[in-house]
Amino acid sequence: MAASPLEDFRAELRDWLEQNCPSEMRDGLMTEEGICWGGKDWVFTSDAQRVWLKRCAAKGYTVPTWPVEYGGAGLSRDQEKIFHEEMVRIDARSPLQSFGIWMLGPALLHFGTHEQKLQYLPPVARGEVRWCQGYSEPGAGSDLANVQTHGADMGDHWLVNGQKIWTSYADKADWIFALVRTDRDAPKHKGISFLLLDMHGGGVETRPIKMISGVSPFCETFFTDAKVPKEQIVGEVNRGWDVAKYLLTHEREMISGGGAGLSGGGRALGAVIKDTMEEIDVCLRADAMRCEVDSLAIGLTLERYKDQAEAGQGAGDASAMLKYMGTELNKQRHELMMSAGGSDALEWDGPVGNRAGDWLRTKANSIEGGTSEVMLSIVSRRVLGLPG
Amino acid sequence: MAKLVMSEEEVMLADMARGFLDGAMPVSKLRAMRDAGETFDAATWEEMADMGWAGVLVPEEAGGSDMGFAAANVIAHEMGKTLAVSPFISSAVIAATALRQVSDARALGALAKIASGELTYALAVDEGIKFDPDNAQMEAKADGNAFRLNGKKQFVVDGANANRLLVLAHTSDGLTLFDIPSDRAGVNREVSNMIDARDAARITFEDVEATGEDVLGAVDSAMSVLRPAINAGQAALAAEMTGLSAGAFDMTVGYLKERKQFGVEIGRFQALQHRAAHLWCEIEVTTSAILNAGRKLDENESDAETAVSLAKARATQTAILAVQEGVQMHGGIGMTDAYDMGFYMKRARVSAEWLGDYSYHAEKIAAERGF
Chain A
2 MAASPLEDFR
12 AELRDWLEQN
22 CPSEMRDGLM
32 TEEGICWGGK
42 DWVFTSDAQR
52 VWLKRCAAKG
62 YTVPTWPVEY
72 GGAGLSRDQE
82 KIFHEEMVRI
92 DARSPLQSFG
102 IWMLGPALLH
112 FGTHEQKLQY
122 LPPVARGEVR
132 WCQGYSEPGA
142 GSDLANVQTH
152 GADMGDHWLV
162 NGQKIWTSYA
172 DKADWIFALV
182 RTDRDAPKHK
192 GISFLLLDMH
202 GGGVETRPIK
212 MISGVSPFCE
222 TFFTDAKVPK
232 EQIVGEVNRG
242 WDVAKYLLTH
252 EREMISGGGA
262 GLSGGGRALG
272 AVIKDTMEEI
282 DVCLRADAMR
292 CEVDSLAIGL
302 TLERYKDQAE
312 AGQGAGDASA
322 MLKYMGTELN
332 KQRHELMMSA
342 GGSDALEWDG
352 PVGNRAGDWL
362 RTKANSIEGG
372 TSEVMLSIVS
382 RRVLGLPG
Chain B
3 MAKLVMSEEE
13 VMLADMARGF
23 LDGAMPVSKL
33 RAMRDAGETF
43 DAATWEEMAD
53 MGWAGVLVPE
63 EAGGSDMGFA
73 AANVIAHEMG
83 KTLAVSPFIS
93 SAVIAATALR
103 QVSDARALGA
113 LAKIASGELT
123 YALAVDEGIK
133 FDPDNAQMEA
143 KADGNAFRLN
153 GKKQFVVDGA
163 NANRLLVLAH
173 TSDGLTLFDI
183 PSDRAGVNRE
193 VSNMIDARDA
203 ARITFEDVEA
213 TGEDVLGAVD
223 SAMSVLRPAI
233 NAGQAALAAE
243 MTGLSAGAFD
253 MTVGYLKERK
263 QFGVEIGRFQ
273 ALQHRAAHLW
283 CEIEVTTSAI
293 LNAGRKLDEN
303 ESDAETAVSL
313 AKARATQTAI
323 LAVQEGVQMH
333 GGIGMTDAYD
343 MGFYMKRARV
353 SAEWLGDYSY
363 HAEKIAAERG
373 F
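Which chain is which? The protein sequence lines are A and B, in order.
Numbering-wise, this note's numbering comes out as the position in the first sequence, counting from 1, plus 1.
Numbering-wise, this note's numbering comes out as the position in the second sequence, counting from 1, plus 2.
These are calculated hints, taken from the structure and not from any lab test.
Just so you know, not all the hints are guaranteed correct.
Taking beta-carbon pairs under 7 Å as the criterion, some of the chain B residues facing chain A (in silico) [stated by the list, open to error]:
| id | residue |
| --- | --- |
| 1 | Asp252 |
| 2 | Glu286 |
| 3 | Ala315 |
The C-beta atom is built at its ideal place from N, Cα and C for all residues, glycine as well.
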């Protein structure tokens, strides 16, 4: 019997991975030190990391589902599943992660012009330009649309002034996509534009914020008379909220993906429990079992929503469910990992590495990208149709 | 690759089932049957057989509709919504799957009678308070060419009305599954007065004679026949429980939209909105596990154990939450017998226990995950 095209694809891919994935990149490391973020100032942690990125980028494998002309490999959903399975099978590290891939890409692919896609996407796919997201402001958290950062219309450009907060890795980014108020007289959701700013182009300053985990992944970002040419807008003027809403859906799925353990976190708990079986209490093991059951089911739900999307049924407001369930689970999982680590887990960079830092980091999961409470309100109003 | 989305045929089957069950088996029917002391409605079962439900897993050559496990789950899910009374899981799913593992003329004959609704089956496995088929103790002693069955079974679901019983017992070198008529000499059935008003029995076996003809599959190797049957039954039960959760949830959200306190609909209160939204999220996640179990069973019914355990574990947790939240959000009226929520609560508790509780299935998953 002839092999199906999908099986052929798997065989070729397996072969390619065998020949091209450096052995140092086969440790499944998904913690901060294993991630390649790319960007102008990126310093590769090893030659293997550099080579792995270069080879994947050449095949479009840093963004496997993007069209080939924009730097991707044009994989179908079934092929993507196989790609993921084969990467996991050899414990391959992700060659590149970035907000350019997760957020700018989906926004441009959906709302951008062909020229914008050609200009911005390939450098993201190659890991040459690093993006960050400028959404939240000191007065716009859960009330995200309350954006005050202002873009004054100067004819051929906007002059942007204001402040963003919780801009992840802004101090390391080359470009920022930001929500900017371009019409102060319009209702709150109708006067926002989605602008692209060159952070090296003058008028942009960043200041890292030290977090409870001891590190500073988040920044405050200040705009002082930053010039943004008119062509650096995604979608229409004053219609940036549409883009933002669309992207929030992606962000929620991404964050919940971490929660489902698809990024390796799920396997980590099982491994930790297994290693400490002799020392831990039966109650802890039972809690871990419960967490595993929920991880698997949430992972399947992510799969189901992707299958639905492919069948033309978008997740829409139900992505709020994924975000809520995934992040709450991830917090639980890291509590269990801390318990399983006992006193070893209480030292910064102690015998179990940065487990405490990772644990503290997860506490933001149910806040960033919309709090759990906002997610529940979205579900209750827009899915269940409850009044209010 | 099998998709975790309902196919067009499955959506049509669900719509059809819902239409039928809303008319023929609404919750009011269960209430009426309980009040009359009945646990089996032969006329409705015959209609279900006519629609191909009794033969959902019976091969076409034996007169079945052979729609597969995912389809069986779709039917069970709809039955759960209205707490429909029928021996569907015991006969059409568990017994049919067991009989399918044996491809002799006798098994095919039995399958044909399941499909036509003429025969109903019950699975007699539990001996203690928990589901534990691998450690069944009941004895079937060799006696010449025959066996003598002695012992007790409990929580034999659908056992009081079933024409035939699948009985798990110990033989000289392992477990053997017997397929015997429920009126055979020495079989004594005592009806259990169940909280969910459904059929279950305690059965004692006193020197019950069984011949080689009565053995399903091979002597000493019950599990090759029984394991797939149990998997299929657990998956269908999980689907039924998720339908139950959805039924209780719909009632609850409906109530939140109409009940007024402090001059407004109580659904305006964020405390209740968030409880309802959380419950919806749990049901959504469990629905994925149910779909997955159906797909995995259809791929290979002998290799779906983890997927099935995940479905049953999640379905159990979700159903218990759905009925508790249902009563809580209804307030006092939810506690009254006149209101239907109590029926959902009692059925959820019985289903939670049947074919392995949450811990049983979570343990299986933990074992598979290596801890």
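How the hints compare with the structure:
no.: 1; hint: Asp252; result: 10 Å, violated
no.: 2; hint: Glu286; result: 6 Å, holds
no.: 3; hint: Ala315; result: 5 Å, holds
In terms of the numbered hints stated before, the structure departs from hint 1 and from no other.
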